[in-house]
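Spelled out from the first residue to the last, the chains are:
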Amino acid sequence: MTKHIKPSHLEILPDICDLCGACIAVCPTNVMNIIHDKLFIDFEGCTYCSFCVDICPVRAIEECYN
Amino acid sequence: MNRSHYKLFHQKYNVIVVGGGPAGTTAAKYAAKSGAKVILFERDPVIGIPARCGEGVSKRGIKGFVPLKGPWIVNRLNQVELIAPDGNSIKLETSLIGYVLDRTKFDKVLGDYAEAAGARIVTEADVTNLIKNNGRVTGVRVNYKGSDYEVSGDIIIGADGVESRVGRWAGIKTMTKLDNMESALKINATNIKINPAACLFYFGREVAPGGYLWVFPKDAHHANIGIGISGNYSREKPAKYYLERFMGKYFPHVEWTNVVAGGVPCNPPLKQLTMDNVMLSGDAGHQVNPLTGAGIANALQAGKFAGEIAGEALRSPDPIDSSLKMYTKRWYRARGKHHKSNTRLKNAVNKLDDDKLNELARLMNKIPRNEWSFLKIFLLAIRSSPDLIIDCMKVFRKS
Ligand SMILES: Cc1cc2nc3c(=O)[nH]c(=O)nc-3n(C[C@H](O)[C@H](O)[C@H](O)COP(=O)(O)OP(=O)(O)OC[C@H]3O[C@@H](n4cnc5c(N)ncnc54)[C@H](O)[C@@H]3O)c2cc1C
Numbered sequence: 001m002t003k004h005i006k007p008s009h010l011e012i013l014p015d016i017c018d019l020c021g022a023c024i025a026v027c028p029t030n031v032m033n034i035i036h037d038k039l040f041i042d043f044e045g046c047t048y049c050s051f052c053v054d055i056c057p058v059r060a061i062e063e064c065y066n
Numbered sequence: 001m002n003r004s005h006y007k008l009f010h011q012k013y014n015v016i017v018v019g020g021g022p023a024g025t026t027a028a029k030y031a032a033k034s035g036a037k038v039i040l041f042e043r044d045p046v047i048g049i050p051a052r053c054g055e056g057v058s059k060r061g062i063k064g065f066v067p068l069k070g071p072w073i074v075n076r077l078n079q080v081e082l083i084a085p086d087g088n089s090i091k092l093e094t095s096l097i098g099y100v101l102d103r104t105k106f107d108k109v110l111g112d113y114a115e116a117a118g119a120r121i122v123t124e125a126d127v128t129n130l131i132k133n134n135g136r137v138t139g140v141r142v143n144y145k146g147s148d149y150e151v152s153g154d155i156i157i158g159a160d161g162v163e164s165r166v167g168r169w170a171g172i173k174t175m176t177k178l179d180n181m182e183s184a185l186k187i188n189a190t191n192i193k194i195n196p197a198a199c200l201f202y203f204g205r206e207v208a209p210g211g212y213l214w215v216f217p218k219d220a221h222h223a224n225i226g227i228g229i230s231g232n233y234s235r236e237k238p239a240k241y242y243l244e245r246f247m248g249k250y251f252p253h254v255e256w257t258n259v260v261a262g263g264v265p266c267n268p269p270l271k272q273l274t275m276d277n278v279m280l281s282g283d284a285g286h287q288v289n290p291l292t293g294a295g296i297a298n299a300l301q302a303g304k305f306a307g308e309i310a311g312e313a314l315r316s317p318d319p320i321d322s323s324l325k326m327y328t329k330r331w332y333r334a335r336g337k338h339h340k341s342n343t344r345l346k347n348a349v350n351k352l353d354d355d356k357l358n359e360l361a362r363l364m365n366k367i368p369r370n371e372w373s374f375l376k377i378f379l380l381a382i383r384s385s386p387d388l389i390i391d392c393m394k395v396f397r398k399s
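Chains H and Z supply the protein sequences, listed in that same order. Taking our numbering, the leading residue of the first sequence gets 1, the next gets one more, and so forth. Taking our numbering, the leading residue of the second sequence gets 1, the next gets one more, and so forth.
Keep in mind that the hints were calculated from the coordinates and are not lab data. Note that CB positions come from ideal geometry on N, CA and C, so glycine has one too. Honestly, I wouldn't trust all of these hints.
Listed next, the in silico EDC-like pairs over lysine to aspartate or glutamate satisfying Cα-Cα at most 16 angstroms (straight line) [what the hints assert, rightly or not]: (1) Z:K237 with H:E62; (2) H:K38 with Z:D44; (3) H:K3 with Z:E236; (4) Z:K173 with Z:D276; (5) Z:K145 with H:D37; (6) Z:K108 with Z:D44; (7) Z:K240 with H:D18; (8) Z:K193 with Z:D219; (9) Z:K33 with Z:D112; (10) Z:K237 with H:E63; (11) Z:K325 with Z:D154; (12) Z:K351 with Z:E206; (13) H:K38 with Z:E124.
Just so you have them, the derived chain H footprint on chain Z, three or more residues with Cβ under 8 angstroms [as the list claims (entries may be wrong)]: (14) 154 to 164; (15) 168 to 178; (16) 182 to 189; (17) 233 to 239; (18) 262 to 275.
Work out the full structure, taking the sequences as your base and the hints as a guide.
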């Protein structure tokens, strides 16, 4: 497996996200939530570990590097 | 503010249930039956929609919770086929393996039972946090159709599914490790030709690494097809990739609708299911069979225990928090041993590569079905494949 390089940002793709909540359960800092049928990340507490990216069955969260 | 909402939210409840899945509605029913004043909040507009589920369940799992005849049961299965990576399969037939449910109707009828027992169910009600006073949880904050309310209660039951936050808010460590989470996807196949009595399970790193792929027929032309892969593997390729590849290979002309994503928390049992006056139930309490990913039956049983014990705690002269501790004990007595041995078995099975799985299937097929027993398989495996048995020994030594 390749080493994980922390992204500078995570982007949720709302058209792909099915609101299943798998990402919420694996988030180590509990910064993910569904609010009014939309998934949110509170970036203040996010460590960019990308577990949410990894677990998503439909790849609805993208890692951005800049 | 609407007057009826004001009345609904400005009363004190004995039990507040968060989440209207099988765990939540069952907890609400049993708590209400014991005389408690119960309110259940569900985020979605309708109980049972969406159904993030393969809808397979055993008879024992639902017996006593719903009648075994009714619109919530769409098919009865009496055959099972376990398919090894090389395509060889183990076939079993009994009088009844289990049912395929209609989860939407199933969840709805469970909600009806809760209401019939006296619980109040409020949908479109998103619980956004716990309310704490001097460190003690006194209620929940809820967003109902866009407005925020505070509702107070003596006991909070978090039955908020895989995405549970109630436990974390209360201080129970419920994060699921990536390798314990099954990243899952389910589709409805609509023009398949299939034996309606047989459920199929496909295994192997090629098909579903760290999990399995299942086909649960609803009738000869419709089936739920789904996959779960371990979070260990899903960084490389997502569950969607494996499911699409499988469909292309095995059912290339089959059409499907209703793609539903999901996570199945296949954790070891939680050490503590309560924190003071907060209880967790179902997926929220990690009460899923970690080997199979089946969570419906456990959610029902956990919900029943949680509701009953909440009722007992309210009647007891002892402090509520200490009475609720009984919940963890009762759960461990009923399922603890089973849950722990299934955790070990899961870890061992996940270590088997495709060659070993093929070998295991080959060995098991040598034993006549009427002579199947663990001992028989064990002895045969020792003779033919000593290293395979070392893995199994590790599993069963401690269980
Ligand atoms: C793809 C897939 C296939 C599966 N197949 C099977 C199978 O074939 N057989 C089986 O036994 N199990 C299966 N499972 C597991 C099973 O679906 C779950 O274990 C079961 O639904 C757990 O019930 P629950 O009541 O704990 O949670 P859920 O059914 O998830 O219910 C939780 C409810 O809480 C609500 N909620 C969450 N947060 C809040 C909040 N803050 N406020 C208000 N409401 C909230 C949610 O909207 C949801 O309705 C499958 C799971 C998946 C993902």
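Which numbered hints fail: none
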